[in-house]
Amino acid sequence: MSSYDNLIKIAPQLATELKEDISKRIGTKKNYIVLNPKYSERKLLLKWMANKDIRKADFAKFQQVGDENNYHILNLLSAPELSYDTLKLGLFLFHRVIHKDYTWHFVFSLLNQDIRSSVFGEDRTLYIGKHGLKSSESYRMPIKCLPELLEKHKIAMQSDDLLPMLQTLHDFGFITLTPIDAQHCINTNLPTIDTKCVHIDINRGAITAKINGRWKLQRQY
Numbered sequence: 001m002s003s004y005d006n007l008i009k010i011a012p013q014l015a016t017e018l019k020e021d022i023s024k025r026i027g028t029k030k031n032y033i034v035l036n037p038k039y040s041e042r043k044l045l046l047k048w049m050a051n052k053d054i055r056k057a058d059f060a061k062f063q064q065v066g067d068e069n070n071y072h073i074l075n076l077l078s079a080p081e082l083s084y085d086t087l088k089l090g091l092f093l094f095h096r097v098i099h100k101d102y103t104w105h106f107v108f109s110l111l112n113q114d115i116r117s118s119v120f121g122e123d124r125t126l127y128i129g130k131h132g133l134k135s136s137e138s139y140r141m142p143i144k145c146l147p148e149l150l151e152k153h154k155i156a157m158q159s160d161d162l163l164p165m166l167q168t169l170h171d172f173g174f175i176t177l178t179p180i181d182a183q184h185c186i187n188t189n190l191p192t193i194d195t196k197c198v199h200i201d202i203n204r205g206a207i208t209a210k211i212n213g214r215w216k217l218q219r220q221y
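Position one of the sequence shown corresponds to residue 1 (the UniProt record's numbering), numbered consecutively onward.
Worth double-checking, as some hints may not be accurate.
As the list claims (entries may be wrong) - Taking CB as the label site, the calculated pair distances span: (1) P191 <-> I98: 35 to 45 Å; (2) L46 <-> I186: 25 to 35 Å; (3) S23 <-> A60: 19 to 29 Å; (4) N36 <-> T125: 17 to 27 Å; (5) P142 <-> G213: 37 to 47 Å; (6) L7 <-> R140: 17 to 27 Å; (7) A50 <-> P12: 51 to 61 Å; (8) K154 <-> P191: 32 to 42 Å; (9) K19 <-> H153: 33 to 43 Å; (10) P12 <-> A60: 42 to 52 Å; (11) P12 <-> Q113: 32 to 42 Å.
Since the hints were made in silico from the structure, they are not lab data.
Glycine residues also receive a C-beta, built at the ideal position from the N, C-alpha and C atoms.
All chains, full assembly: derive it from the sequences and hints.
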């Protein structure tokens with residue numbers, strides 16, 4: 001077994017079946033990953049936003065016309081219940097969009113290594129699509145390691161803590177998070193494996209809209 005197979009704790013027999021039979025794999029051309037919808041109700045927006053129009057993370061409705069400021073920093077800093085590490089992670093992701101990659105979506109490994117595997121995807125490529133669309137996008141392996149990227153920028157975080165923090169950013173609508181797993185495929189009746197990989201779509205409305213003044217009042221004790 002490969003080191004990756006060991007890390008995701010996949011049974012040797014299942015690993016062999018997936019490598020030999022593409023029809024059983026997730027993230028292929030025919031059985032691509034289906035992304036979570038971008039504009040859907042988010043748990044922490046429901047809790048902290050008084051305005052019902054913003055509870056589905058459609059921040060672009062409140063875009064500051066003609067204003068070139070980037071409001072994601074203020075929006076993240078003011079979000080209730082956001083831990084210090086989750087704030088750092090959010091700022092890092094938006095920084096990559098604006099100053100590094102200039103793309104609004106990423107696929108990351110949450111393990112401490114880049115991922116190149118044959119237990120999911122097709123020809124070392126991961127295929128991802130959206131609801132209602134017949135086409136999909138492709139992401140070539142290796143899938144980049146998020147903990148390593150953070151470490152390069154002197155941002156110390158435990159890999160096991162990343163998924164809960166990403167889920168919090170998703171629940172606030174700053175990102176849309178989709179785990180790379182069988183539950184998010186065209187065909188969900190496939191062997192369940194935890195790839196330890198995620199797709200992240202940055203909500204560009206969090207950059208162009210000021211939402212910091214729309215949080216419900218937090219009482220200070």
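Going through the hints against the structure:
| no. | hint | verdict |
| --- | --- | --- |
| 1 | P191 <-> I98: 35 to 45 Å | holds, 39 Å |
| 2 | L46 <-> I186: 25 to 35 Å | holds, 29 Å |
| 3 | S23 <-> A60: 19 to 29 Å | violated, 40 Å |
| 4 | N36 <-> T125: 17 to 27 Å | holds, 21 Å |
| 5 | P142 <-> G213: 37 to 47 Å | holds, 42 Å |
| 6 | L7 <-> R140: 17 to 27 Å | holds, 21 Å |
| 7 | A50 <-> P12: 51 to 61 Å | holds, 53 Å |
| 8 | K154 <-> P191: 32 to 42 Å | holds, 39 Å |
| 9 | K19 <-> H153: 33 to 43 Å | holds, 35 Å |
| 10 | P12 <-> A60: 42 to 52 Å | holds, 48 Å |
| 11 | P12 <-> Q113: 32 to 42 Å | violated, 20 Å |
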